[in-house]
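S.K.: Put together the whole structure using the sequences plus the hints.
Protein chains in written order, with the numbering used here: chain A, 6 to 582; chain B, 500 to 607.
None of these hints come from the bench; they were simulated from the model.
Here's a subset of chain A near chain B, in silico, CB distances under 7 Å, partners left out:
1. His110
2. Glu121
3. Asp123
4. Leu124
Short derived list, chain A residues pointing at chain B, Cβ under 10 Å:
5. Asp107
6. His108
7. Val109
8. Glu112
9. Ser114
10. Ile116
11. Glu118
12. Tyr122
13. Leu127
14. Arg130
15. Gly132
16. Tyr133
17. Asp136
18. Leu151
19. Glu164
Ideal Cβ placement from N, Cα and C applies to all residues, glycine included.
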Amino acid sequence: MHEYKLAPTALPQLPKAPTGIEGLDEITEGGLPLGRPTLVCGSAGCGKTLLGIEFLVRGIIDYNEPGVLMTFEETATELAANVASLGFDLQAMQADKKLRVDHVHIERSEIEETGEYDLEGLFIRLGYAIDSIGAKRVMLDTIEALFSGFPNEAVLRSEIRRLFRWLKDKGVTTIITAERGEGTLTRQGLEEYVSDCVILLDNRVIDQITTRRLRIVKYRGSTHGTNEYPYLITEDGFSVLPVTSLKLEHQVSNEIVSSGVPGLDEMFTQRGWYKGTSILITGTAGTAKTTLAASFALEACRRGERCLYFAFEESPAQLIRNMRTVGLDLQPCVDQGLLRIEASRPTLNGLERHLVTVHKLISEYQPQSVVIDPISNLVSVGSISEVRSMLTRLIDFLKVNNITALFTALISGANGRMEITEEGVSSLVDTWISVRDLEGIGERNRGLSILKARGMAHSNQVREFLVTEHGIQLLDVVIGPLGIITGASRLTQRIQEQAVLTAQQQEIARKDRELERKRRVLEATIENLRTEFESVEEELRQVNDEEHARQQEMERARHSAATNLNNRLSGPTQRPA
Amino acid sequence: MMDSREAAAATSDTPDTWELRLYVAGQTTKSVAALANLKRYCEEYLVGRYTLEVIDLLQNPQLAEGDQILAIPTLVRKVPEPIRKIIGDLSNEEKVLVGLDIRPRGTH
Numbered sequence: 006m007h008e009y010k011l012a013p014t015a016l017p018q019l020p021k022a023p024t025g026i027e028g029l030d031e032i033t034e035g036g037l038p039l040g041r042p043t044l045v046c047g048s049a050g051c052g053k054t055l056l057g058i059e060f061l062v063r064g065i066i067d068y069n070e071p072g073v074l075m076t077f078e079e080t081a082t083e084l085a086a087n088v089a090s091l092g093f094d095l096q097a098m099q100a101d102k103k104l105r106v107d108h109v110h111i112e113r114s115e116i117e118e119t120g121e122y123d124l125e126g127l128f129i130r131l132g133y134a135i136d137s138i139g140a141k142r143v144m145l146d147t148i149e150a151l152f153s154g155f156p157n158e159a160v161l162r163s164e165i166r167r168l169f170r171w172l173k174d175k176g177v178t179t180i181i182t183a184e185r186g187e188g189t190l191t192r193q194g195l196e197e198y199v200s201d202c203v204i205l206l207d208n209r210v211i212d213q214i215t216t217r218r219l220r221i222v223k224y225r226g227s228t229h230g231t232n233e234y235p236y237l238i239t240e241d242g243f244s245v246l247p248v249t250s251l252k253l254e255h256q257v258s259n260e261i262v263s264s265g266v267p268g269l270d271e272m273f274t275q276r277g278w279y280k281g282t283s284i285l286i287t288g289t290a291g292t293a294k295t296t297l298a299a300s301f302a303l304e305a306c307r308r309g310e311r312c313l314y315f316a317f318e319e320s321p322a323q324l325i326r327n328m329r330t331v332g333l334d335l336q337p338c339v340d341q342g343l344l345r346i347e348a349s350r351p352t353l354n355g356l357e358r359h360l361v362t363v364h365k366l367i368s369e370y371q372p373q374s375v376v377i378d379p380i381s382n383l384v385s386v387g388s389i390s391e392v393r394s395m396l397t398r399l400i401d402f403l404k405v406n407n408i409t410a411l412f413t414a415l416i417s418g419a420n421g422r423m424e425i426t427e428e429g430v431s432s433l434v435d436t437w438i439s440v441r442d443l444e445g446i447g448e449r450n451r452g453l454s455i456l457k458a459r460g461m462a463h464s465n466q467v468r469e470f471l472v473t474e475h476g477i478q479l480l481d482v483v484i485g486p487l488g489i490i491t492g493a494s495r496l497t498q499r500i501q502e503q504a505v506l507t508a509q510q511q512e513i514a515r516k517d518r519e520l521e522r523k524r525r526v527l528e529a530t531i532e533n534l535r536t537e538f539e540s541v542e543e544e545l546r547q548v549n550d551e552e553h554a555r556q557q558e559m560e561r562a563r564h565s566a567a568t569n570l571n572n573r574l575s576g577p578t579q580r581p582a
Numbered sequence: 500m501m502d503s504r505e506a507a508a509a510t511s512d513t514p515d516t517w518e519l520r521l522y523v524a525g526q527t528t529k530s531v532a533a534l535a536n537l538k539r540y541c542e543e544y545l546v547g548r549y550t551l552e553v554i555d556l557l558q559n560p561q562l563a564e565g566d567q568i569l570a571i572p573t574l575v576r577k578v579p580e581p582i583r584k585i586i587g588d589l590s591n592e593e594k595v596l597v598g599l600d601i602r603p604r605g606t607h
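M.R.: Here it is, written out as structure tokens:
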């Protein structure tokens with residue numbers, strides 16, 4: 006029984022032509038299909054022409070593959086001028102015979118149809134252009150212009166079909182641009198003929214912000230990213246921004262970095278944060294988030310590492326001045342080139358532009374730490390899900406590059422209801438520190454607590470802290486009868502404790518004295534009794550002696566009377582007395 | 500300008516000369532038919548007043564660019580101005596004549 010299965014090693018990968026466009030090669034997993042036509046459709050102003058031109062230019066510069074650009078709309082000089090700002094010198098490439106730009110001009114009024122014809126002229130021109138420089142890449146922009154020139158659609162369509170087959174046989178990788186139709190991918194239905202790969206560009210305006218998105222509708226013979234990816238047209242050309250680590254496969258480090266605030270470090274068992282993790286500090290207004298962020302930045306610079314600080318609310322000068330008043334001098338770090346502060350209003354650009362700026366600066370500057378202060382006003386630029394998506398990609402990018410990232414976010418509401426953070430940013434970060442206002446009676450104190458720290462044990466207390474001239478100082482924990490206390494209550498607690506202590510001492514002293522007194526009383530009583538006893542004893546003894554003496558007397562008297570009696574009988578009688 | 504020339508044509512019936520260029524691609528049936536048809540029209544309506552050039556793009560592909568030739572066969576009327584392009588095998592005589600702006604002799 007023959008099993009019709011190819012061995013895995015025999016399965017060929019569809020050969021692909023790398024585009025050289027940032028991000029596109031990742032989404033397509035290698036590039037466009039080699040030797041096949043790709044359709045790029047989009048509405049006006051999406052950048053289709055630019056995508057095609059960059060494909061050709063990168064082919065020439067990066068892969069040494071000459072290219073032919075057949076343009077039906079703009080002339081060669083117009084195109085060259087358009088892309089000059091991106092640094093593509095089309096004239097020079099043409100002079101070097103690496104690029105050939107053919108402008109095909111179709112003037113409808115000039116043409117009269119009189120009988121059967123075909124578009125062999127187009128084939129000949131294109132063939133000649135390709136053969137003259139040995140091109141491997143071709144771009145046709147935009148072939149739909151033929152439809153306005155030649156009224157016979159049947160002929161046109163069959164010729165177009167023939168053209169694509171011819172291009173495939175020629176073995177050139179082609180990009181064909183087309184305008185988006187209502188309800189269809191292209192106005193003239195070109196997607197029927199180009200079925201190997203179709204890329205759709207979209208230019209959407211949501212809440213007054215324009216976002217550009219790219220989607221690979223179809224890619225025959227290969228897996229590809231199927232979602233919509235935002236893209237930008239920057240000074241360096243086309244840039245697609247996929248989620249960098251779609252697989253969550255980045256390396257981790259076991260190194261610990263300090264937060265810059267010693268008391269805060271102590272709250273973690275590891276005495277700090279893991280390098281390459283992300284930390285979120287949330288708090289209501291005025292809770293020293295920026296100070297914490299600046300402490301972290303300063304500490305990083307003290308270690309000799311570079312730190313990139315994105316300030317979306319304050320200018321660099323203001324930040325430095327404000328931090329100086331709390332004893333954090335950032336100016337020397339800036340002068341040494343260890344700290345770079347980038348400030349801009351988030352509403353200045355779209356979210357994607359921010360992401361690209363961040364990417365670019367990080368690649369240029371190569372910092373080990375990044376601070377973004379705050380991220381909450383990015384919500385004003387996009388919806389929460391968009392911001393979340395952007396932050397996911399940003400955090401992934403930072404993790405892949407092993408950069409420690411610190412974000413601050415403002416939360417609103419006295420009861421701590423969070424919009425952006427609760428929606429899900431907190432699940433993206435590894436460590437979450439909350440800085441809260443602890444409102445006491447007639448005063449506000451600030452406390453910070455660690456809500457989560459992945460990978461290490463941490464204190465669960467809300468530690469009160471002060472922002473002093475020497476930076477942030479965490480105060481010791483004071484435990485009162487109802488738990489931890491803060492602020493002025495500390496003082497009262499202390500006084501109370503003192504009073505209690507004193508009272509206790511006094512009580513003890515009193516008891517001692519009481520004891521003493523009792524002892525003296527006892528001794529006095531004993532003394533009394535003893536004296537009494539002695540006098541009684543004396544008396545008794547006296548009485549005893551008297552009794553004894555009397556008895557002796559009586560005895561003697563009796564004895565003498567008895568003797569007397571004896572004498573009378575024998576002598577003169579005596580009247581008994 | 501056009502009117503005066505047409506007026507001149509009406510009176511003289513002969514604007515200077517026609518410069519015609521026929522672009523073909525090899526010996527395909529359409530190309531051969533176009534050439535045959537064209538020769539016939541020229542001999543019938545433009546005797547002695549035309550110059551005809553046949554350009555085979557398979558031999559000289561680079562010449563397609565100059566006149567912006569896409570369809571084959573294409574007849575280009577270079578002179579008189581404006582340039583007219585007539586595509587197809589020229590089997591439709593009416594259209595060819597109108598396109599070339601040739602007034603058929605015998606009808607004014």
